[in-house]
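Visitor: Sequence:
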Amino acid sequence: MSEEILMNITPMESRVALVENGVLQEIYIERACSRGIVGNIYKGKVVRVLPGMQAAFVDIGLERAAFIHASEIAPRNDKDSVVQSERPIVELVHEGQSLVVQVTKDPLGTKGARLTTHISIPARYLVLMPHNNHVGISLRIEDAEERERLRKLVEEGMKDDGEDEKGGFILRTAAEGITEAEVKADILFLRRLWQTIEETVKESTAPSTIYEDLPLHLRTMRDLVDPDIEKIRIDSRETFNKVSKFVKKLVPQVDGRVEYYPGERPIFDLFGVEDEINKALSRKVQLKSGGYLIIDQTEAMTTIDVNTGAFVGHRNLEETIFKTNLEASVAIARQLRLRNLGGIIIIDFIDMEDSEHQRQVLRTYEKSLEKDHAKTNITGVSDLGLVEMTRKRTRESLENVLCEPCPTCDGRGTLKTAETVCYEIFREILRAVRAYDSQSYTVLASEQVVDRLLDEESSNVADLEEFIQKPIRFQVEPIYSQEQFDVVLV
Numbered sequence: 001m002s003e004e005i006l007m008n009i010t011p012m013e014s015r016v017a018l019v020e021n022g023v024l025q026e027i028y029i030e031r032a033c034s035r036g037i038v039g040n041i042y043k044g045k046v047v048r049v050l051p052g053m054q055a056a057f058v059d060i061g062l063e064r065a066a067f068i069h070a071s072e073i074a075p076r077n078d079k080d081s082v083v084q085s086e087r088p089i090v091e092l093v094h095e096g097q098s099l100v101v102q103v104t105k106d107p108l109g110t111k112g113a114r115l116t117t118h119i120s121i122p123a124r125y126l127v128l129m130p131h132n133n134h135v136g137i138s139l140r141i142e143d144a145e146e147r148e149r150l151r152k153l154v155e156e157g158m159k160d161d162g163e164d165e166k167g168g169f170i171l172r173t174a175a176e177g178i179t180e181a182e183v184k185a186d187i188l189f190l191r192r193l194w195q196t197i198e199e200t201v202k203e204s205t206a207p208s209t210i211y212e213d214l215p216l217h218l219r220t221m222r223d224l225v226d227p228d229i230e231k232i233r234i235d236s237r238e239t240f241n242k243v244s245k246f247v248k249k250l251v252p253q254v255d256g257r258v259e260y261y262p263g264e265r266p267i268f269d270l271f272g273v274e275d276e277i278n279k280a281l282s283r284k285v286q287l288k289s290g291g292y293l294i295i296d297q298t299e300a301m302t303t304i305d306v307n308t309g310a311f312v313g314h315r316n317l318e319e320t321i322f323k324t325n326l327e328a329s330v331a332i333a334r335q336l337r338l339r340n341l342g343g344i345i346i347i348d349f350i351d352m353e354d355s356e357h358q359r360q361v362l363r364t365y366e367k368s369l370e371k372d373h374a375k376t377n378i379t380g381v382s383d384l385g386l387v388e389m390t391r392k393r394t395r396e397s398l399e400n401v402l403c404e405p406c407p408t409c410d411g412r413g414t415l416k417t418a419e420t421v422c423y424e425i426f427r428e429i430l431r432a433v434r435a436y437d438s439q440s441y442t443v444l445a446s447e448q449v450v451d452r453l454l455d456e457e458s459s460n461v462a463d464l465e466e467f468i469q470k471p472i473r474f475q476v477e478p479i480y481s482q483e484q485f486d487v488v489l490v
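When we follow the numbering used here, the leftmost residue of the sequence shown carries the number 1, and every step to the right adds one.
In short, the hints are calculated from the structure, not lab data.
Hints should not be assumed to be uniformly reliable.
To be verified - Below are the EDC-like pairs computed for lysine to aspartate or glutamate, each with C-alpha atoms no more than 16 angstroms apart in a straight line:
#1 K392 x E299
#2 K231 x D255
#3 K166 x E156
#4 K242 x E259
#5 K371 x E142
#6 K166 x E198
#7 K284 x D296
#8 K248 x E182
#9 K392 x E370
#10 K245 x E259
#11 K111 x E299
#12 K284 x E327
#13 K284 x D305
#14 K152 x E176
#15 K279 x D296
#16 K249 x E182
#17 K242 x D255
#18 K392 x D372
All of these numbers come straight from a predicted model, not from anything done at the bench.
Using the sequences provided together with the hints, build the complete structure.
Guide: Here it is in structure tokens:
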């Protein structure tokens, strides 16, 4: 499988695309005016404690106060850790208290950022946990011998670095196959960085920013680059130079794969990324067979409906349904990554009678999710035949980054019909007649509504004029949406 990373960099916006076999799989967008803050460390001030929710609001200097749950507050010592989850929040923090916290989730919609005091700082191969002496290994490193080798390298590296040094480490997936020198370099880098952070904490007052994560183009090199990546193409000479220096220092094994793209044609156009981004904003996803998906994203959950559409198959209905579901399972896994959908996800595959077909579709779907960088958990198939799952949400979805609710329908996705608005206008005129004395009434509305009032509803308008004994005039307002109208007293 060939994988490439494409970087489109401008002063206002950075975009990174992960492409597998020529098909866009993931897109990351970071705008200069609204950079994500996951991974940032702050010295915050507790502004409100909520005993009923076992949580507190913390001011970290953002527009909205951030949120921390009792379970995310690290114990002061090892003895506390056993009973930490059972302790009331009021015993752990109090209003006005300073707290060093790290952001685990960006602010989403109306919700503030989510915080933890379990600080973790990532490098290329290791993640430092300053308040923990544990050594953990990514579950994606499956080979038992390699896991044991890596564990010993880290434990030896921790001893060499000094017995007084505290803090544990997690070995990332990218650590598979690394040398002793690379392990030691990461340990040294992370411990020096933590010393700097501790010094900054002592000198700072709350609320203030203590540490900011790397910009998107460097985070990509740290987090997404693995041996499968064949090329990293960058369309900005300045960013290419920065990435090249970063690679030489921290990811030397991919040094020869970073390329500057000087072409006149935009890099995302050349690889069809722009078209795929636009398609990913649509509710409907067309499948090659003729079937399609309908994806509805709401604040509570995301629902995905699978339909056979124009696909009629060659044998029988059950075979047609099975093939559509198989294709859909691969497409859905890609759409979750591409749209960065998180939280609760409900998938309504087409009903299958054959239990073996059901198992195969679920297996295919689980296999397709293996490449996902976000943590996913399929809880099973419900009594209604729905696949229920969760996908960890750490940043805004693609739709939330690029779009805003429609001001006309206010995000409902539907408009009142012209007929409905006409009847609302009639009721509004009757209210006005009872409340005010006027010689006549002028209705300001959209062209569709006025056309209907003068055509299909003309007899009703005549009856209303006769009833109120006053003339009613109509005026088209080009800037009004179909639902907007005003009744003016003349």
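Visitor: Which earlier hints can't be squared with this structure?
Guide: Structure breaks no hint.
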